Each structure stands twice: as C-alpha cells, then as structure tokens.
Amino acid sequence: MSKHVLLIEDEPNIIEAISFILSREGLAVETHSDGTTANEKLRGASPDLLILDVMLPGKSGYDILRELRADPATAALPVLMLTARGQTRDREMAEREGVSAFMSKPFANSEMLDTVRALLNGVPEEAPGKP
Amino acid sequence: MLNTLVAVCIAYALFLFAIAFAAERIAAHGQARWLRSPAVYTLSLSIYCTAWTFYGAVGSAVRSGFEYMAIYLGPSLVLVGWWWILRKLVRIGRSQRITSVADLVSSRYGKSNLLAVGVTLLAVIGTTPYIALQLQSVTLSFEVFSAGDLATGEETGQTALWVAAGLALFTVIFGTRNLDANERHNGVVMAIAVEAVVKLFALLAVGVFVVWGLGGGLSETLARIDASELGHWRIDGGRWAGVMLLSAAAFLCLPRIFQVLVVENDNETHLRTASWAFPLYLGLMSLFVVPIAVIGLDLLPEGSNPDLFVLTLPLSQGQGGLAVLSFLGGFSSATSMVIVAAIALSTMVSNHVVMPLWLRFAEPGATVSGDVRGVVLLARRLSIIGVVMLGYLYYRLSGGGEALATIGFVSFAGVAQVLPAMLGGIFWRGASKAGAFTGLILGFVVWNYTLFLPSFGPGVLMPEAWFADGPFGIGFLRPQAMFGLSEMDPLLHAFFWSMSVNTAGFILGSLVSFPQPLERLQGAQFVNVFEHSTSPRSWTGNVAQSEDLMIMAQRILGARDAQELFEREAERQGGRGPLPDVTPQFLETLERELAGSVGAATAHAMVGQIVGGMSVSVEDLMAVADETAQMMEYSARLEAQSQELARTAAQLREANAKLTRLSVQKDAFLSQISHELRTPMTSIRAFSEILRDTAGLGDAEKTKYASIIHDEAIRLTRLLDDLLDLSVLENGQVNLNLREGLLSDVLDRAVAAAAADEAGRRLEIRRDRAAEQIVLHTDLDRLSQVFINLIANARKYCDAPRPRLEISVRAGARLAIDFTDNGSGVAAEAQDVIFEKFSRVSDQKAGGAGLGLAICRQIVTRLGGDITYVPGRGGASFRVSLPGDLAIAAQ
Chain A
11 MSKHVLLIED EPNIIEAISF ILSREGLAVE THSDGTTANE KLRGASPDLL ILDVMLPGKS
71 GYDILRELRA DPATAALPVL MLTARGQTRD REMAEREGVS AFMSKPFANS EMLDTVRALL
131 NGVPEEAPGK P
Chain B
32 MLNTLVAVCI AYALFLFAIA FAAERIAAHG QARWLRSPAV YTLSLSIYCT AWTFYGAVGS
92 AVRSGFEYMA IYLGPSLVLV GWWWILRKLV RIGRSQRITS VADLVSSRYG KSNLLAVGVT
152 LLAVIGTTPY IALQLQSVTL SFEVFSAGDL ATGEETGQTA LWVAAGLALF TVIFGTRNLD
212 ANERHNGVVM AIAVEAVVKL FALLAVGVFV VWGLGGGLSE TLARIDASEL GHWRIDGGRW
272 AGVMLLSAAA FLCLPRIFQV LVVENDNETH LRTASWAFPL YLGLMSLFVV PIAVIGLDLL
332 PEGSNPDLFV LTLPLSQGQG GLAVLSFLGG FSSATSMVIV AAIALSTMVS NHVVMPLWLR
392 FAEPGATVSG DVRGVVLLAR RLSIIGVVML GYLYYRLSGG GEALATIGFV SFAGVAQVLP
452 AMLGGIFWRG ASKAGAFTGL ILGFVVWNYT LFLPSFGPGV LMPEAWFADG PFGIGFLRPQ
512 AMFGLSEMDP LLHAFFWSMS VNTAGFILGS LVSFPQPLER LQGAQFVNVF EHSTSPRSWT
572 GNVAQSEDLM IMAQRILGAR DAQELFEREA ERQGGRGPLP DVTPQFLETL ERELAGSVGA
632 ATAHAMVGQI VGGMSVSVED LMAVADETAQ MMEYSARLEA QSQELARTAA QLREANAKLT
692 RLSVQKDAFL SQISHELRTP MTSIRAFSEI LRDTAGLGDA EKTKYASIIH DEAIRLTRLL
752 DDLLDLSVLE NGQVNLNLRE GLLSDVLDRA VAAAAADEAG RRLEIRRDRA AEQIVLHTDL
812 DRLSQVFINL IANARKYCDA PRPRLEISVR AGARLAIDFT DNGSGVAAEA QDVIFEKFSR
872 VSDQKAGGAG LGLAICRQIV TRLGGDITYV PGRGGASFRV SLPGDLAIAA Q
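Quick mapping for you: the protein sequence lines, in order, are chains A and B.
Take any residue in the first sequence, note its place counting from 1, add 10, and you have its number in my numbering.
Take any residue in the second sequence, note its place counting from 1, add 31, and you have its number in my numbering.
Don't read these hints as lab results, they were simulated from the structure.
Note that the structure is predicted; figures quoted are calculated from it, not measured.
The reader is advised that the hints may include incorrect statements.
As the list claims (entries may be wrong) - SDA-like cross-link-like pairs, simulated, lysine to any residue; straight-line CA separation at most 20 Å:
#1 Lys69(A) <-> Asp776(B)
#2 Lys735(B) <-> Ser29(A)
#3 Lys69(A) <-> Val864(B)
#4 Lys735(B) <-> Met103(A)
#5 Lys735(B) <-> Arg34(A)
Said to hold, decoys possible - Just the calculated beta-carbon pair ranges, DEER-fashion:
#6 Glu50(A) <-> Val695(B): 29 to 39 Å
#7 Asn762(B) <-> Arg99(A): 41 to 51 Å
#8 Asn762(B) <-> Ala55(A): 27 to 37 Å
#9 Ala55(A) <-> Asp724(B): 55 to 65 Å
#10 Asp698(B) <-> Pro22(A): 20 to 30 Å
#11 Glu867(B) <-> Arg127(A): 25 to 35 Å
#12 Arg692(B) <-> Ala118(A): 51 to 61 Å
Using N, Cα and C, we set each Cβ at its ideal position, and we do this for glycine too.
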C-alpha cells in the first residue's frame, strides 16, 4: 500500500508541483489549502506524512503543528514544514513546536523527495541542507 | 611763661581755625581734590595717636619696656591686612551711607535703633575717660610750664575747662557745618592732618634733641639704652600679644577712628596708600620713645612723671622753644582726638538717641512741616558740648591721678566690645540682632565689672572687699580674678573675659534666634557687599505721596538739596512731572540720602512713617539670601540641564522607539518581500525541474507547466514593479506629470484596463457620465493607476454573485470619487490595515502582493488628496477625494 501524504498549502501552483513530484514516486497525495480546517482534515485523513506550509489563510502552520503534537493520535506524525520566509527564526520556531524536518522555498525537487522518503522510512531529518 | 603759652595756644588754635576754614572754602569751590589725597587720609588716621601715645608712650616704656610698641603694632596689622576687613568696612560704609559705628551695627541688624542706642551708650561710656585723658594731658602740660614744678603739677580745673570749652567750640563750628554726617568734614580733616604733621614733627624734634643733643649721638645713646634696664627685653609675651590684639580691636571700633577711616573716606584706594603709610607714621612716632625714656630717667630727678618726659626733658635743659613745640605736639594730639571723637559721638547721639526721641514725642509725624535740620544740627551741637563736658566731668571726678596708659586701655577694652557684632555682621550671614544684643550686653557688663569700675580704684565705685573676696564673699567672682584666673594681668583678664563672653553670647544668640527679613536683607548686603553694592530694596512704596516725602526731605536735607534730589530722580524716571513717582528705588535713594543726615535707623523710620509700611519683596528675599539665590540659580541651572537631559533622553527614546518600530517594520517588510518573492520562485523552480528531469511528459503537460512558469515570472516582475513604484512614491522622488483632462476620460481608460480579467469575466460598472464632466489639472496617468487598482480590486474581491461596481462623482469643496461594489465589503477590523503594505483584503488567492492600496494611497497623497475606506455602504467602498482646485468646472 502506498504511503499517504497530506499537503497543506495555499498556493495552487506549488500544490500542483509537489503533488506531481510525489505522485510520480508512488505516493498518494492529498491536498488541503485552508489553515482553519487543517486539523480536522488531518484527523480524517490520517496520513503517514504531513507537509505543512507556514503561511496559511486562517491559521499559521506553527499553530497547526502545536495542536497536532498535542493530540496523541498525531503526536508522532512526521511533519515537513515549508516556508517562504527562510529566516533562522522561523526554523527555530518550527523546531520548538516539534517539527520533523524543515525546508525553505524554493527547494530542489530532489531534495523534497529525499526528505519525504527519509521521513517515511522513519529517519527524522534533523536539518536538511539548503538547496 | 604761662602767658606766652596761652598766647601760643590761642595762636595755634587760630591757625587751625584758619586752616579748617580755608579747607572748607576750597571744598566749597569744588577744588578739593588735593584735600582728598591719600596723604591727607593717612594723616587723618593719626588721631589714633592721642596725647596718650604722645606723652604716654614714654611713660609706658619706663614702666613696662617695649610694651608701647604693641599699641602701635595692633593698628599696623589691621592696616596691612586692609584687604580683608577695612576694604569691606569702607565699601559697606559708602554703599550704605554709614555715619558711625552705631549706625553700622544698627544698619546691619535690621536698622534696629535699640542696638544703635546700645552701641552709642557703649561708645560714650568708653570714650568719656579717653576725652578726660586728653584734657588731663593738656592740663598737666600747662601745669608743667606754669608751676615750674617738673614732676607733678597740680591740676587747676580752670585750665581743663577752658581747653574743653575751646575744643567744643571748634568742633561745633567745623564739625556741624554739614548736616549730612556722611559727607566729609573737609575743614576738620584738614586741621587734623596738619595736627598730625605737627605732633610727628614735635616728637621727632624732641627725639633728635635728646639723641644728638643730650645723648651724645646715636651710638652713645644706644649704649645708654643698653646700660639701662629699659633696654632689656622685658616682655611678657601674653600681655604683649593681648595688648596688640586689644589695640587692633580698638582701632576698628573706636568711634573717632571709624569716623576718619570709614565715614570720611571717599576713595577706597586711599586704603592702599594708608596700608603702608600709616604703619610708617606709627613707626616714626615710636622711634624715639625709648631714647627719651632712658635719657629722661638719667637726667631728670627721681620721681619725675615719666608721662611728661617729652615735655620736661627739653624744659629742664632750658630749651624753651623746643618745649613749646613739644607742648604743641601734645596739644595737637589731644585736640584732634577730642574734636573727632566729639563729632563721631555727637553724630551717634543725635541720630540714634535725640532724633528718634524727638520724632516720637516732639511732633505728631514726619510729614508735619517745619525744618528738622535745625533740630538735627542743634542736637548735634548740644551732643558735642555734652560729650566734651562729660569728659571734663569724668576728669574732675576721677581726680586725674590715673596713669595715662591705663585709662587708654580701659577705653580700648570698652569700645572693643563692638567688635564681635561688627565683624560677625560683615562676615557672617547668620549673625542676628539678638546675637549682637546678647554679645554687646554681656561684654559691656563684664567689661564694667572687671575693668571699668575697678579702674577708679578700690573703694571708689566698687567696695574694697569685692577686690579681695569677691562680691558678697563669692570668691570666684572677684572682679580681677574671675573663676580663679588670679595670675592674669587685670587688663588682659578683663579683655579676655569680656570678649569671650561677648563672642560666645553673640554666636549663641545668633544661632538660637531667627533673623527678621530686613536683617537677612542687610546681612546679605553687608556680607556680600562686593558682589552687589546696591542697597536693599525694602520699600514697596507707591502708597506714599510724593509731596509728603518732599516735605519731609526738605526738612532734613534743606529745601534746595531736597528739590534737587527730587528733580534729579524725576528726571531719571523719565521726567513726567516735577515730582518723581514713589518707586521702591526712589524710596531707597531718598532713604540713603536721609541716612547721611540722620542715620539709617531714623531715616528708615521717617520714610516708614510716610510710606506707612515696609515690607520685603519676594525678589529682595531671594536676592538677599545670596546662598539661597546662588543655590537656586545653581539648582535652576541643574534643573534646566536635567530638563534638557530629560528632553534629550525623551527624544532619544522616541528616536529609538521609532528606529525599533522601523526595524520591526523593516523586518516584517523584508519577511513579506521574501515570502512574496519565494512563492512564485518555488513554482518556477519546481516546474522547471519537472520539465527538465521528467521524461515522457505530454505536450499538454509541458505547455501547462511552461505557462505556470511564465505566469509566475510575470507575477514576480509585477511585484518588483510595484515595490519600486512604492519605494519611489514613498521617498517622494516621483515626478508628477501634470496635465489637463476630463475625469470621465481618465475613468474610461481605467475601466477599459481593469474591468475584465484575462478570462474575459467582466465586472459590471455603473457610472454617471454627466457628473464626470470635470476638467482636472493633475497627473492623469497616476490618477488612472489609482482607479485601475480600485476597479481591479473590486473585480478580484467582490464576492457577489453578480459583481457590480458603482462609480459616483461628487464635486464640491473637494472632489470625491466613490468606488462602491455590491460585495460583502471589508471586515471592520481589517479596514484600518488595508492601506498598509502587504495587506490583502481577503484570504483568497488573487495573485497580488498586497501593495496595490498602499501604492494608491501614496499616489493620492502626492496629488494632494486622500483615499479612505467608507464603511456602511453595503459593499466595499473606497473614496478618492481630491482638492477642489484640481477640478476646473465643466465647460
């Protein structure tokens, strides 16, 4: 059974790009673009990996991350966080909330794939290098 | 012989009269400059050398060796150190128009007349024996000639009386010519200066005769001095120092010295000359004292009165002429002292005793017409006669048997009691009237008990038993051995106790009491006389009538002087009338002028009667309390500085806050920019990698992905354009391209550009073309940019099923163009921020970076208008309002 990835991102073109890349690797990609309803979506979808954008309409990625870590059902879920504000502070905040991997936009497709694979294989990527 | 002597005396007296008269004449003609030379001033100080020193120094040398030198050294020290005390005294005397020691003390301590009366009494009591001494010396010297008995000479009351009468006459004539006691008595001063020369010359002549005529030359005389026991340095160090201190203190306090030193001084710089010339004079006076004493002891019969050696030595050698010269020297010493002392004392008595009494009892008030000058002059003349006669009485009562030097010291110690109050007054701001009183009274009592009363001898004024066992057998109160100090010399004992008790009382009294405002005022004026030589402003004035003051001033100054004064003041005030306005400054001047005639306390009281009340203004108090003023000034400066610092700090804090705010804004802005740039770049990179790395993509997919890349690239470009545009607008670097055009045309262009999107979806737009026929003179392209933005926003964000935008124009003072759509509008909490950079009206993706409205606002601001969100219109409504003068009414 193919692994299930949930992508929460609000930029249509980026959704399309990531979906394309991951689908070609044989992963099932589900997308969602609203921050406020992200956690319900997550509980319903119960994915193997969550790819989470930081700047979302309605609710920030950090808040979503904090909530899902607080929920025992999703506390151990690998989470890859994406942000377009590639500042150190953003990375630190993400790590404080318990992110599994962090990646700043724009990224190399191969890097995205490597990180996703590693997370799915249970090897947490501490600090993936920049492209 | 006696007749010759009387003739010589009368001739000499006539000579003095002539000199005094001539000096007055010269001064009256305004040619008195040489009369006021430092030399005359210095010579006039020589009234310190009375008959006591002229005759008595030799007696003192015989009795106690070189002790007489201490009497000369004391004043010399005071003069050498003139910079510290005398300069200040003279400055105060001039600035406050001080007329006497009593006036000085009274003036310092709040113009207290009671204090003045006290000092006057002390001065009279202290000076009377001294005057008696002069009479005695003159009488004695007469006796020497008349009886031919060289040793003793029996007094005849007649001689003393005639001398006293003559002196009183001279003093009355020349000492009361001017009512203004503060003015110089030119005649008197000149006569005294001449007498100073005569007595010096006489003593030097006798000395030269003794050394070279009798002693056989300088070396011979020195050898004889060495052989005599006088030549041995018999000095009791304690007594010597004590006598020196005592004479220094007396020099400052003696009324007659104060008279010539301070009152008659009209140029402070004379002190500089006197500081070396007067000690020199004293040195010359003392030069031949020891030779005369030694030779006198050798040549004159045993038991001769050494106090008269100066006279008897030449006489015994048959040098009649020299003896007469010597007599004249002594006569000069005595007369000059009596004259000046009488003037000084009469000023005090008339100003501080007679005038206040007269003011209180004789007439209802100071305004009543009638010339007060007559009263003042009469009071002064009577006082002179009274003072001289008091001296005569003392002389008759005391029997004249006392050794000259001793009487002098008693007198010195008496007047020295004023010293603590005087010095304290000019150097210590804290000195108060109560302290001055306490000190004076205690000092006076102790002086009386330990020195003055005992000086008449046991059993005369004080029971004999008191000397031995103390009053009522209380041993430790023995007048010459208080508290067991029996070893001490009686004079020093008295000086020590009186001054100690006096000073202690003065200091304690001052510390305990609280000075009145006027005292504080005067204290500041005195202590800091060099800082501000103006006198205190103590009148609040303007209640008084100028006329009343004029009447009073005429009575004291005389009609002419008073009118001159008033005219001068009126002129100085601006010359609005014949009489000056009663300003505090005028009152102050008037009071000072009056003080010269009747003393500060009386003048103050008289002006007070008319003005009705005096008070000390707040400014005065501030000026007074110089330390306070300085402290206040300093603290004001500090306060100003600290305020400035606080302001600077506030500015810095503000700047810092602004910088922090700017920094936060900049961070937020950069963060936003980063986000806005990275987002399209992410798509571009991802899809370009897909296109590159993915094999077997269909054509449709390739096209799709390539157009995504294309669109995102365009989005990036637009973002950068917007950013640059905004930056230019924000920095004010934009150049407006002003043109004329119709509003409807601008709107047409904007609608054409923005009403439809790429997909061809159109926004329905309603307009009122008639209202749009307005000619604008502005940057039409920029305005169009604003309209395009607003229309595009409506197209993008209006969430109505059938989006519609209404553009309405209203001309007026300002031209208002409203863009209202039929959507749900902007949430209330978002209305504030929509014009900020990177704020988006909705969460929906619309491809904008959120810079549009920020740019709009910048543009409209540049065009002189503003753009606002108008709430409550149903949908989103933006109003662009432009200044009315941009619009030229439709043709």
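Has the hinted range 25 to 35 Å been met by the Cβ atoms of Glu867(B) and Arg127(A)? Cβ of Glu867(B) to Cβ of Arg127(A): about 42 Å, so the range 25 to 35 Å is violated.
CA of Lys735(B) to CA of Ser29(A), is that 20 Å or under? It holds: about 15 Å lies between the C-alpha atoms, which stays within 20 Å.
The hint says 27 to 37 Å between Asn762(B) and Ala55(A); measuring C-beta to C-beta, is that right? Violated, since Asn762(B) and Ala55(A) (Cβ atoms, about 49 Å apart) do not stay within the stated range.
Take a look at whether the Cβ-Cβ distance between Asp698(B) and Pro22(A) falls inside 20 to 30 Å. For Asp698(B) and Pro22(A) the Cβ distance comes to about 28 Å; the hint holds.
Per the hint of 29 to 39 Å, is the separation of the Cβ atoms of Glu50(A) and Val695(B) within bounds? Check passed, 34 Å falls within 29 to 39 Å.
Given the range 51 to 61 Å, decide if the beta-carbon distance of Arg692(B) to Ala118(A) lies inside it. Since the Cβ atoms of Arg692(B) and Ala118(A) sit about 38 Å apart, the hinted range of 51 to 61 Å is violated.
Satisfaction of hint between Val864(B) and Lys69(A), Cα-Cα up to 20 Å: Holds. Lys69(A) to Val864(B) sits at ~18 Å (cutoff 20 Å).
Please verify whether Lys69(A) and Asp776(B) have alpha carbons no more than 20 Å apart. violated, 44 Å
Range first: 41 to 51 Å. Now tell me if the beta carbons of Asn762(B) and Arg99(A) are that far apart. violated, 29 Å
Given the hinted pair Lys735(B) and Arg34(A), is their alpha-carbon gap at most 20 Å? Holds, at roughly 17 Å.
Compare the distance between the alpha carbons of Lys735(B) and Met103(A) with 20 Å, and conclude whether the hinted pair is satisfied. violated, 36 Å
Range hint 55 to 65 Å: satisfied by the CB atoms of Ala55(A) and Asp724(B)? Violated, at about 29 Å.
The structure does not agree with the numbered hints 1, 4, 7, 8, 9, 11 and 12 stated previously, though it agrees with the rest.
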